[in-house]
Amino acid sequence: MNAKLPAGLLVTALLLAGCGGNGQSASSATPKVGLITKTETNPFFVKMKVGAQQAAQAGGLELMSAAGKFDGDNASQITAIENMVAAGVKGILITPSDTKAIVPAIKKARDAGVLVIALDTPTEPQDATDALFATDNFKAGELIGRYAKAAMAGKPAKIATLDLAPGITVGQLRHDGFLKGFGVQEGDPSVVCSQDTRGDQAKGQTAMENCLQKAPDINLVYTINEPAALGAYTALKAKGREKDVLIVSVDGGCAGTKAVQAGQIAATSQQYPLKMAEEGVKAVAAFARNGQKATGYTDTGVTLITDRAVAGVEAEDTAFGLANCWG
Amino acid sequence: MQAPLPRRLISTPVAGPLAALVLACLFFGLNTGQFFTGPNFSLIIQQVMVVGTLAIGQTLIILTAGIDLACGAIMAFGGIVMTKLAVDSGLPPLLALSAGLAVCAGFGLVNGLLVTRISLPPFIVTLGMLNVVFALTHIYSDEQTVTELPALLTFLGQTFQLGQTNVTYGSLLTILLFLLFAYLLGSTAWGRHVYALGNSPEVARLTGIRTNRLTVGVYTLAGLVYGIAALLLVSRTGVGDPQAGQTDNLDSITAVVLGGTSLFGGRGLVLGTLVGALIVGVFRNGLQLMGVPSIYQTLITGVLVILAVAVDQLSRRRTR
Numbered sequence: 001m002n003a004k005l006p007a008g009l010l011v012t013a014l015l016l017a018g019c020g021g022n023g024q025s026a027s028s029a030t031p032k033v034g035l036i037t038k039t040e041t042n043p044f045f046v047k048m049k050v051g052a053q054q055a056a057q058a059g060g061l062e063l064m065s066a067a068g069k070f071d072g073d074n075a076s077q078i079t080a081i082e083n084m085v086a087a088g089v090k091g092i093l094i095t096p097s098d099t100k101a102i103v104p105a106i107k108k109a110r111d112a113g114v115l116v117i118a119l120d121t122p123t124e125p126q127d128a129t130d131a132l133f134a135t136d137n138f139k140a141g142e143l144i145g146r147y148a149k150a151a152m153a154g155k156p157a158k159i160a161t162l163d164l165a166p167g168i169t170v171g172q173l174r175h176d177g178f179l180k181g182f183g184v185q186e187g188d189p190s191v192v193c194s195q196d197t198r199g200d201q202a203k204g205q206t207a208m209e210n211c212l213q214k215a216p217d218i219n220l221v222y223t224i225n226e227p228a229a230l231g232a233y234t235a236l237k238a239k240g241r242e243k244d245v246l247i248v249s250v251d252g253g254c255a256g257t258k259a260v261q262a263g264q265i266a267a268t269s270q271q272y273p274l275k276m277a278e279e280g281v282k283a284v285a286a287f288a289r290n291g292q293k294a295t296g297y298t299d300t301g302v303t304l305i306t307d308r309a310v311a312g313v314e315a316e317d318t319a320f321g322l323a324n325c326w327g
Numbered sequence: 328m329q330a331p332l333p334r335r336l337i338s339t340p341v342a343g344p345l346a347a348l349v350l351a352c353l354f355f356g357l358n359t360g361q362f363f364t365g366p367n368f369s370l371i372i373q374q375v376m377v378v379g380t381l382a383i384g385q386t387l388i389i390l391t392a393g394i395d396l397a398c399g400a401i402m403a404f405g406g407i408v409m410t411k412l413a414v415d416s417g418l419p420p421l422l423a424l425s426a427g428l429a430v431c432a433g434f435g436l437v438n439g440l441l442v443t444r445i446s447l448p449p450f451i452v453t454l455g456m457l458n459v460v461f462a463l464t465h466i467y468s469d470e471q472t473v474t475e476l477p478a479l480l481t482f483l484g485q486t487f488q489l490g491q492t493n494v495t496y497g498s499l500l501t502i503l504l505f506l507l508f509a510y511l512l513g514s515t516a517w518g519r520h521v522y523a524l525g526n527s528p529e530v531a532r533l534t535g536i537r538t539n540r541l542t543v544g545v546y547t548l549a550g551l552v553y554g555i556a557a558l559l560l561v562s563r564t565g566v567g568d569p570q571a572g573q574t575d576n577l578d579s580i581t582a583v584v585l586g587g588t589s590l591f592g593g594r595g596l597v598l599g600t601l602v603g604a605l606i607v608g609v610f611r612n613g614l615q616l617m618g619v620p621s622i623y624q625t626l627i628t629g630v631l632v633i634l635a636v637a638v639d640q641l642s643r644r645r646t647r
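In order, the protein sequence lines correspond to chains B and Y. All residue numbers in the first sequence are consecutive under our numbering, ending with 327. All residue numbers in the second sequence are consecutive under our numbering, ending with 647.
Wrong hints could be hidden among the right ones.
What the simulated footprint calls covered on chain Y by chain B, stretch by stretch (three residues with Cβ under 8 Å from a Cβ of chain B suffice, anywhere in the stretch; the number is not a length) [said to hold, decoys possible]: (1) 361-374; (2) 508-519; (3) 557-568; (4) 612-622.
Rather than coming from a laboratory, the hints here were simulated on the basis of the structure. Think of the CB as a built atom: it goes at the ideal place given N, C-alpha and C, for glycine as much as any other residue.
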């Protein structure tokens with residue numbers, strides 16, 4: 001027993017020494033702003049954090065950040081909200097992992113006088129947060145739908161949709177927007193295969209392989225994001241089909257935009273996470289200064305990126321896309 | 328030289344974790360103004376009560392030298408069953424709640440039967456069950472979060488005043504559960520049998536303990552505890568969430584290990600598990616108050632686990 005106590009003490013001492021270096025920033029008359037993303041590792045959220053950090057520095061705020069362990073990790077986001085409120089933040093910027101389940105926790109934070117802004121993904125209901133700074137995901141889908149319609153030039157379409165996951169609004173909005181832009185209804189016989197990918201390249205590849213087994217004559221692939229699109233490309237290439245299948249996507253990450261430049265993806269709708277975070281932090285800074293709360297929806301913009309522009313659909317080329325990409 | 332059983336129970340390495348917890352509290356108290364407040368401690372307990380309760384069941388199973396990878400999934404399913412039956416099927420809330428608890432206990436029972444009757448390793452049984460229950464949760468919930476819950480299901484999230492601090496009923500229930508299981512394991516014949524089974528199933532059997540029945544009972548009881556964790560989760564978040572619990576199996580094992588319970592069975596205290604869960608909660612809360620990003624919390628938790636097992640191994644070597 002006596003021998004064990006020092007072991008525990010040693011363990012703790014080591015740890016405390018290890019994280020002691022981070023303690024300096026704790027002093028604060030500077031107002032704090034919290035950023036809670038879905039995960040810590042997705043480049044989209046990494047970029048968002050960079051934008052928040054820059055804006056916080058410029059606006060004289062201290063940034064606290066936290067994230068879930070996986071996409072859909074509601075419990076960790078609730079814990080982060082609580083801890084940030086306890087730390088006395090003025091405002092919280094959150095990308096909700098579960099758009100409904102996070103609402104009660106957000107309500108508690110707002111009741112405590114904290115400004116809460118949703119970034120990228122709206123809560124359900126949307127007015128559960130003070131404001132929303134996000135891409136119009138329906139429009140992002142619609143743009144690539146219209147592009148695909150024009151690019152197919154009247155050829156009968158056999159469509160695969162590589163979706164996100166059930167019950168997640170962003171994925172549903174992009175999917176619905178794509179169908180609307182392409183001019184078909186949900187359940188149209190031209191959509192021959194629909195699979196969930198969780199926005200993951202390996203799962204996107206598997207999904208595409210299975211879709212090709214089911215319907216070898218697929219000639220148009222809608223993907224929820226570029227990792228899924230690249231997975232689909234790999235599957236198509238293995239079948240020697242990469243030249244005659246049109247892949248469209250959403251996100252505008254740097255790797256994805258390069259894939260558009262290389263012709264692997266025909267077109268993508270680019271969104272701007274840096275801007276979402278910047279505007280969010282600015283809104284919190286304004287709230288800290290004069291108590292003025294941001295409200296409503298701010299569209300942070302979406303641009304169609306392609307090097308094979310089609311008539312009637314506004315687009316920028318990949319040079320523009322690479323200059324503005326994230327990740 | 329082998330010490331008598333009661334002395335060995337006392338000498339489980341819970342002193343180390345407790346010292347770590349106290350030092351961590353001191354450290355965060357010195358570094359952040361907000362840490363040492365009643366409301367913040369209340370918050371930490373609320374944040375660890377779900378994983379802590381799961382970890383009670385996990386402790387029982389690990390004491391028998393088993394492991395449960397399905398606990399978080401079983402909890403998530405229990406939560407969906409309670410909320411969906413009450414909200415969508417319009418069952419009386421008490422009935423819906425009982426059904427949720429029963430379903431969780433049922434999965435525990437099945438795990439226990441598979442482990443004993445077919446002699447499958449607990450790791451394999453619960454790994455399979457993890458996937459089965461995860462899928463059932465998503466199928467049954469239709470991937471939908473259940474909202475607008477009846478008061479009974481969120482009651483444990485309500486608070487009462489303790490001095491200046493609001494404490495949730497759920498926190499109170501969690502502490503009571505820990506005390507109950509500390510009593511059951513420490514002061515009843517059943518508890519001594521559980522330790523004996525974990526130390527050596529063969530010896531336990533030869534001393535007349537009906538080991539199969541005991542094992543099935545432990546898994547079933549653990550399942551029931553996961554059902555209570557489901558109720559705590561539902562009351563905390565105010566929703567039935569099919570995505571819940573996905574990493575809680577590992578988090579509960581983390582709490583057990585940090586609390587000084589041996590993964591090889593037969594040694595450990597359930598109150599150590601409470602300390603283990605609190606260590607994780609205190610680090611997460613304290614580091615967040617200091618503005619340290621959450622990826623460092625993951626890093627530190629990982630280091631803590633390895634150190635805890637290392638300490639366990641070293642102390643085992645010494646007692647041998």
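Outcome of the hint check:
no., hint, in the structure
1, 361-374, "holds (count 6)"
2, 508-519, "violated (count 0)"
3, 557-568, "holds (count 6)"
4, 612-622, "holds (count 10)"
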